[in-house]
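4 protein chains.
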Amino acid sequence: MNRIAIFTSGGDAPGMNAHIRAVVRSCLNRGIEPIGIYEGYQGMIDGDIATLGRKETANIISRGGTILKTARCEDFKTEQGRERAAKNVRDHGIEGIIACGGDGTFHGAHYLYQEHGIPIVGTPGTIDNDLFGTDYTIGYDTAINTAAEAIDRIRDTAESHGRVFVVEVMGRHAGFIAMDVGVACGAKAIAVPETHTDLADLAGRINEHAHRRTIIIVGEGDQLGSATDVSRMLKESYDIDSKVAILGHIQRGGTPTVRDRVLASRLGVSAVNMLLAGKSDCMIGEHAGEITTTPLNETWEKKKPLPTFYVELSSVLV
Amino acid sequence: MNRIAIFTSGGDAPGMNAHIRAVVRSCLNRGIEPIGIYEGYQGMIDGDIATLGRKETANIISRGGTILKTARCEDFKTEQGRERAAKNVRDHGIEGIIACGGDGTFHGAHYLYQEHGIPIVGTPGTIDNDLFGTDYTIGYDTAINTAAEAIDRIRDTAESHGRVFVVEVMGRHAGFIAMDVGVACGAKAIAVPETHTDLADLAGRINEHAHRRTIIIVGEGDQLGSATDVSRMLKESYDIDSKVAILGHIQRGGTPTVRDRVLASRLGVSAVNMLLAGKSDCMIGEHAGEITTTPLNETWEKKKPLPTFYVELSSVLV
Amino acid sequence: MNRIAIFTSGGDAPGMNAHIRAVVRSCLNRGIEPIGIYEGYQGMIDGDIATLGRKETANIISRGGTILKTARCEDFKTEQGRERAAKNVRDHGIEGIIACGGDGTFHGAHYLYQEHGIPIVGTPGTIDNDLFGTDYTIGYDTAINTAAEAIDRIRDTAESHGRVFVVEVMGRHAGFIAMDVGVACGAKAIAVPETHTDLADLAGRINEHAHRRTIIIVGEGDQLGSATDVSRMLKESYDIDSKVAILGHIQRGGTPTVRDRVLASRLGVSAVNMLLAGKSDCMIGEHAGEITTTPLNETWEKKKPLPTFYVELSSVLV
Amino acid sequence: MNRIAIFTSGGDAPGMNAHIRAVVRSCLNRGIEPIGIYEGYQGMIDGDIATLGRKETANIISRGGTILKTARCEDFKTEQGRERAAKNVRDHGIEGIIACGGDGTFHGAHYLYQEHGIPIVGTPGTIDNDLFGTDYTIGYDTAINTAAEAIDRIRDTAESHGRVFVVEVMGRHAGFIAMDVGVACGAKAIAVPETHTDLADLAGRINEHAHRRTIIIVGEGDQLGSATDVSRMLKESYDIDSKVAILGHIQRGGTPTVRDRVLASRLGVSAVNMLLAGKSDCMIGEHAGEITTTPLNETWEKKKPLPTFYVELSSVLV
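So the protein lines, in turn, are chains A, B, C and D. 317 is the number that the working numbering gives to position 317 of the first sequence; each next residue is one higher, with no gaps. 153 is the number that the working numbering gives to position 153 of the second sequence; each next residue is one higher, with no gaps. 35 is the number that the working numbering gives to position 35 of the third sequence; each next residue is one higher, with no gaps. 149 is the number that the working numbering gives to position 149 of the fourth sequence; each next residue is one higher, with no gaps.
Errors might be hidden in some of the hints.
Given that identical chains are not distinguished, each listed pair holds provided it fits within a single copy or across any two copies.
[As the list claims (entries may be wrong)] Straight-line C-alpha distance at most 20 Å; calculated SDA-like pairs for lysine to any residue:
hint	residue 1	residue 2
1	K55	N207
2	K243	R205
3	K77	R232
4	K55	H209
5	K55	V318
6	K304	H287
7	K235	A200
8	K304	E290
No lab work stands behind these hints, which were simulated from the structure alone.
Just chain A, with the same shape it has in the complex (with noise of 0.2 Å):
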């Protein structure tokens, strides 16, 4: 291969950018033009593909957010969108293609590979988690940090007040940010969509405390509802009163941690490689410290699941 692109598309994730450094100078230590790709989808449509170097990625290592720039995309969701995309690719002689994302950014990424056979590998980048196939997706362990450090600000105030707070965290419809974050935070409970909580049993750990201080996590797609409605429920149900804080988008960004930006470079040196090795339509990922391979349908068919021990450290240590 002469020549291979990259982008990053859907969310972004802290990481992106250390990765994209990672594929480039992966590319230039093997004699491979690095081509970017700008807002994803959208620029590979548009024709926004530009050559990369050690410059443009000079002292991006430790950034947030990602130099490519990220979008959604509602053309790429249509064949003549494909087809348009596809031949930019072509006449800009990509010969391989790494697409960092999450799920959505896979389908496309698919469908890419399998109407047009441009050799396409995908790389997880999303800090939910939630793909199939990798422990662990560029962003994720910075996201827990961010949204750790802001629970221990609110804890400060629930300890000096007596005060419940719920807290909602980020995740889609998984439960590892709020697992994580609420295990290192000590939460009374952890909300997540993979596990049935029981309004009534959440009411009686808060009422165990004779000062009620107490933090509640609720995760994002947990069946409960929002943590709004969580809070409205505890004052309706059971008279207990609650602040309501939701974190949002402040888990996006920031410095990416060390394991992230290790991941993250990692990922991308493999990324190539296993283009060169003609692997296509699959994801690189990291299980049990090894790099792995799946077919981008099982990233979204298979689900991931919650590592079981969460359940009990949460049960144990509340």
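Mind docking chains B, C and D on chain A? Use the hints.
Positioned in the frame of chain A, the structure of chains B, C and D alone reads:
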């Protein structure tokens, strides 16, 4: 004086623990017994009062929240409540009190002095910086740095996605937090209660940018409404899409900054000095590097102005 | 078992408090009385032993250091010392012990078991990650993030001045910290005890850059010598000016990361489970997401290898 | 004026980028072309000079270091060097210059004005806060917070091990950093160049504590010597064991605090205003909230005093 008491009241603020520590050590240094009143005026009424020493205040200088806890107290707004409180104060042999908090706290302190002649001075403990008579309040510096760090994260996403973010920060009826944070984070516009913000002008500023990647700061209490209101109006009137981020309670907690620890320490030492010098019914503050005293009622009757240079900065630098 | 004791020994590591908390709550959850031994083996000899409860371990999950203190202990290296310790353990009715620390700690635990038959398991608590039998040790993740944050700061100066910085990180005889931090910070070269680093090659890498703005990481224990040695040799042999930065003790403390808190919590719960299951003279670790046990003597007799991918990363990405 | 140039010189300081951004935007706002001189006086001599715009200064407000780089320059200390620099300045049509740095920078600026009549104002950019004529210098607030965070980490170890740590902080010939950080971190003693520190007294303070867990702060430039000297003398004369920690270059870098960003922004806008108002050969500073100007030579001839309250605080609060 043989016994001086300290309590914290109203919202907790980072630096309150450093303040308590300074009062305790300053008392011990002068042969006075330091007393802690727990949960603010509620503890004064309930007699939740205990001697403090070096041990109780060891290793707290760097911690957020307040080891004396804090609470809102309805009972203290009644004459009977204050009478019980005054009786407890006298029964414990307390000859002077330091009340750390905001204007609600100072109202209570003022009445306690006026009605019962108990020597009491206030110290400014609130993240909002909205007290007349001091350049800065304890907790303010930490709050603006916490808010700025959160907005730096949000900016990563704003840049990566080309999005407009409308971010709401605390501050009650004062725009200090919004202004400092807005200037520090390079916000495109800063809406504060002290000035009129024109929505059309705001929309115009956003549209200057081809890509609309922009941060707008809305201070709590602004006439335009909340961040959610501003976002809705931008959509309805100018078809501008934006995301809302409400920083909320994370602004209250966390390890205090150096400025907050030093200010809290200095005001603690000064408050003890002032009580011993016979001062009462006043707030101990800092202005232009010097310790000042301001009659308690002036701290809420007079409006602390937002320095005018912020308005110039925010218009020149956007 | 009716009573299980926990102590921390050797260098302190972030996450030890989360570990103590988990052991205590896990014991209480199973109707066992949790006991704390203060200052490691010294306290075991001196009888500095006390019951722990929810109160003693409240709000410590996010704090660095160890509430049980730690100390080096020469007396425990003698048979008489260990005899006195064993007597104290029996006199306090302690039926199982959890020893959190590094290889020195585990040596002591091994002898205590061999000589006195006291059930004891070790848990890996050290920032150096140098124990065979576990993927990660408690404190490691925090240490690498602290070091990386410090180096990110140094890089600001390296970039602004066009300077070479030779930065020394901790790690004892193992290069884990150096490798993770070096890759994460985009170091130009990483010298670790496990590999031979050629000074001529290192000088060559520095001179590749016209402006020589470069970070070199030297792991403690490298054959080239300390960062100061490397800097001196670069000057003497290659006329390369460089600044030295020795990160030192800041790498030991601070609020633990989420990974360290969760690992510490999980190992705490597992250690109690393992003692109850009759395990002894082994370390409780985590490998590939699963709890493992390793005979204590293997933890220091076997050398934990540095994953090979680091070497590839550090050569490709510089 | 049609063209105003900015450069940074001496040690880099967090906030310099925010300052550059403010100068650039302030110029553009007034229809002036902003020019950047790279690598300080060296770039002025070498003609390393280029127009700056919004794009070059986008997203730098939160970054440490300086995009204009900085350097020491021996050539500028000669008349010929300054002549070449002055010629370059005139050839580029630069009509006013803003020199951001410390006293070395200001010496150069003073000569450039005196010898060549080029309008030039200085802005205080140094972490040491040692310039007469301004309450704070750009970078100081970040440096003290970075140092305090590092010392908070060290304290975890000091507490856990019962150890004495002698910590050396920066500050050149001034004790500002040492005093602010020492008070903020609850140091047992603070040695600064401005006051005499008695070693016997220092040893006495350490021995007050049964467990000797103590932090001693030594400011660079203290008469007692370096932290290493103090540690050695404590051992030799009083048989007190201690660990040494030299914070070093980590104090220079990192994301600037809100105060540093706002001060840097305000001084940038003010410096442009002052040049336009015909001011020259003076430093633009801030005192008691107001913008001030001080003749450049006074900034180094007059000694900026350490506020006396620090001495009281450090003796009362230890």
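Do the hints match the structure? See the list:
1. In this homomeric assembly, K55 and N207 come within 20 Å of each other (Cα to Cα) only across copies, at 17 Å, whereas the closest approach inside a single copy is 58 Å.
2. Taking the shortest alpha-carbon separations for K243 and R205, only the intra-copy value of 16 Å comes in at or below 20 Å, while the best inter-copy value is 35 Å.
3. Neither within a single protomer nor between protomers do K77 and R232 lie at most 20 Å apart by alpha-carbon distance, with minima of 39 Å and 29 Å respectively.
4. For the homomeric pair K55 and H209, the shortest alpha-carbon distance between copies (12 Å) is at most 20 Å, but the shortest distance inside one copy (57 Å) is not.
5. When the C-alpha separation of K55 and V318 is checked against a cutoff of 20 Å, the pair qualifies only between copies, where the shortest distance is 13 Å, while the shortest distance within a copy is 50 Å.
6. Taking the shortest Cα distances, K304 and H287 sit within 20 Å of each other both inside one copy (12 Å) and across copies (19 Å).
7. Taking the shortest alpha-carbon separations for K235 and A200, only the intra-copy value of 12 Å comes in at or below 20 Å, while the best inter-copy value is 40 Å.
8. In this assembly of identical chains, the alpha carbons of K304 and E290 lie at most 20 Å apart whether taken from the same copy (17 Å) or from different copies (16 Å).
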